[in-house]
Amino acid sequence: MEPKSWIRARARISPYEIVFWIAAAVIPFVFFEHYLSLAASVAVAALFCISLDLILGYAGIISLGHAAFFGIGAYTAGILSARGWGEPISGLALAAAVSALAGYIVSFMIVRVQHLALLMITLGLSFLMTELAITFDQFTGGSDGLQGIDTWKLLGIWKFSLWGHTAYAYAISVLFILFLLARRIVHSPFGLTLEAIRENPVRTTALGAPNRGHLQKIFVISAAFAGVAGALLAQVSETVSPEALGFQRSAEIAVMLILGGTGRLYGAILGAIIFMVARDQISGFYLQYWYFWIGLILIFVVLFMPRGILGGLERLARIGRRS
Amino acid sequence: MSTLIAVLFDGLSYGMLLFLLSVGLSVTLGLMNFTNLAHGAFAMLGGYVTYALVELAGWPFLATLPFAFIVTAIIAAGFEVVLFRRIYKSGELNQVLLTIGVVFASYAVAAFFFGTVHHSVELPGYLKGFVEIGALKLPSYRIFLVVVALLITTVLVGVLEYTRFGAMVRAAVDNGKVASGLGLNISVIFALTFALGSGLAGLGGALAINILFIDPNFGFHVLVPVLIVVSIGGLGSIWGSFVAAAALGIFDVVGKFLFPEVGAFLIYLFMVVILFFRPNGLFARR
Chain A
150 MEPKSWIRAR
160 ARISPYEIVF
170 WIAAAVIPFV
180 FFEHYLSLAA
190 SVAVAALFCI
200 SLDLILGYAG
210 IISLGHAAFF
220 GIGAYTAGIL
230 SARGWGEPIS
240 GLALAAAVSA
250 LAGYIVSFMI
260 VRVQHLALLM
270 ITLGLSFLMT
280 ELAITFDQFT
290 GGSDGLQGID
300 TWKLLGIWKF
310 SLWGHTAYAY
320 AISVLFILFL
330 LARRIVHSPF
340 GLTLEAIREN
350 PVRTTALGAP
360 NRGHLQKIFV
370 ISAAFAGVAG
380 ALLAQVSETV
390 SPEALGFQRS
400 AEIAVMLILG
410 GTGRLYGAIL
420 GAIIFMVARD
430 QISGFYLQYW
440 YFWIGLILIF
450 VVLFMPRGIL
460 GGLERLARIG
470 RRS
Chain B
435 MSTLIAVLFD
445 GLSYGMLLFL
455 LSVGLSVTLG
465 LMNFTNLAHG
475 AFAMLGGYVT
485 YALVELAGWP
495 FLATLPFAFI
505 VTAIIAAGFE
515 VVLFRRIYKS
525 GELNQVLLTI
535 GVVFASYAVA
545 AFFFGTVHHS
555 VELPGYLKGF
565 VEIGALKLPS
575 YRIFLVVVAL
585 LITTVLVGVL
595 EYTRFGAMVR
605 AAVDNGKVAS
615 GLGLNISVIF
625 ALTFALGSGL
635 AGLGGALAIN
645 ILFIDPNFGF
655 HVLVPVLIVV
665 SIGGLGSIWG
675 SFVAAAALGI
685 FDVVGKFLFP
695 EVGAFLIYLF
705 MVVILFFRPN
715 GLFARR
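Those sequence lines, one after another, are chains A and B.
Quick note, the working numbering runs 149 ahead of the 1-based positions in the first sequence.
Quick note, the working numbering runs 434 ahead of the 1-based positions in the second sequence.
By construction, these hints were calculated from the structure, which means they are not laboratory data.
Chain A is faced by these chain B residues, among others (derived, beta-carbon under 8 Å):
(1) ARG520
(2) LEU527
(3) ALA698
(4) LEU703
(5) LEU709
Beyond 12 Å from chain B on every Cβ pair, some chain A residues (computed):
(6) GLU151
(7) SER186
(8) GLU387
(9) GLN430
(10) LEU462
(11) GLU463
This structure is a prediction, so every number in the text was calculated from the model and none was measured.
C-beta: ideal position from N, C-alpha, C; glycine also.
Model the full assembly from the supplied sequences, consistent with the hints where possible.
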């Protein structure tokens, strides 16, 4: 097959995808009207998860501190709104820009280290950001969190209410648009090169691919995605606290991604849905049981389902088709 | 002057506590190259062993310390055989996820048995008071910590550098294939080494409960400082961890004393900068 048509065939939109997105847009409004704010936070988590998938799943950069960019986006949109400009879409744009800038600065460090040093630097940066957010309390509200965020009407028409109709519509639209962008990126020759770098960086160098430049690019894109996710959360929930930057959030998002399946965008979305809904249902009773099950699921997934739920399903489907 | 020395000593003894908590990690992560985030969970296990023996069974504190080591080592060896052994070769991400899964589960198990409250133990009289040297009043328990830390460093460096077992460990870690070709049983050596590292974690946890207290979050709380110590100190270097822990402890306490707002911030900043220029840490073996 000719390379161009091969790439096009890979990127073809399947009917399942169309069904999925229609369902995602309709089902919460029709069947789960009381859970619309949960649905909005699922959409935020899915977007953040996609952001992590871009670097971890596709490019193979392991980060334990990706929440740093999520938090930067959240604080950017939050502070902007608290200082009197609550227009949501321009808030998202500014958050994306600030997070991308931070990602650009950090990317120079990320591409130069590996293994434990990479883990510790990403972890350290997220703790660093948390400390900064606590220290500069005249901007961030310190450890109590940022107060006084007021998100204006979406497009000047729809008010953000307690019920979350606007919030979910807004979050799912942003998720959909950025999903299309991510889909375009991972199916492009650039995206394929990233996967090649993940699999064999020495060979891609020999083939003339600029490894570091590519990795920096995807890191900046991923940081911007994370920033938008954080800004969405800030605008919808109208609050930001330092834990938006913290290790716990980075760990949770990694769990979602692993659960759904790395290196596949729908894995990120599926993981976010399962994790967030399960936590909402289980942790209501006892927090410690929830932790117990997360622990067991992580161990199980690593040992028996290295490609996550979606990867496992794909394998089953392939076996089914063969027999 | 004596205040300065007291603060410095406070920092040093806190550093020694960090060292006791992290020396085992410098064996499992540093020597064996296994990204073992479950280290803090094993430390917590040792802490709870000591807590249970002292407070529930009425043993003297010192007598429980060997048990904190042994019980943790045996349980850790079980984990190594059943779980960790399978992922030595499968990359950091899987190691991170599986071991953090163990920490999550350990939180739940600890909360189930001991509740979510803080626990501490009653110390024997000779470890409780102060030792007076001239105008200086130093807490005896902290002097005890410094002595134990020095003792463990000496013994561990001795074992790893000068005994047959130490040579076998280093051979197995450096080149497993050749070592097993020479007749060494690699999987037994790895299990023993892992048990040693985790047993030390258990001992560290037992020694820590009077200063840090113990609760189900212990495994998460100590994780970041011990990772900082081992990664800065240098992979596989016991002395590196010792120096890094002492420096970190002094820096932390003195930093909080002098600039209370920015103390923690500076530690993370230093770590990031050091690891950027020396990705294997300051005193790396390799």
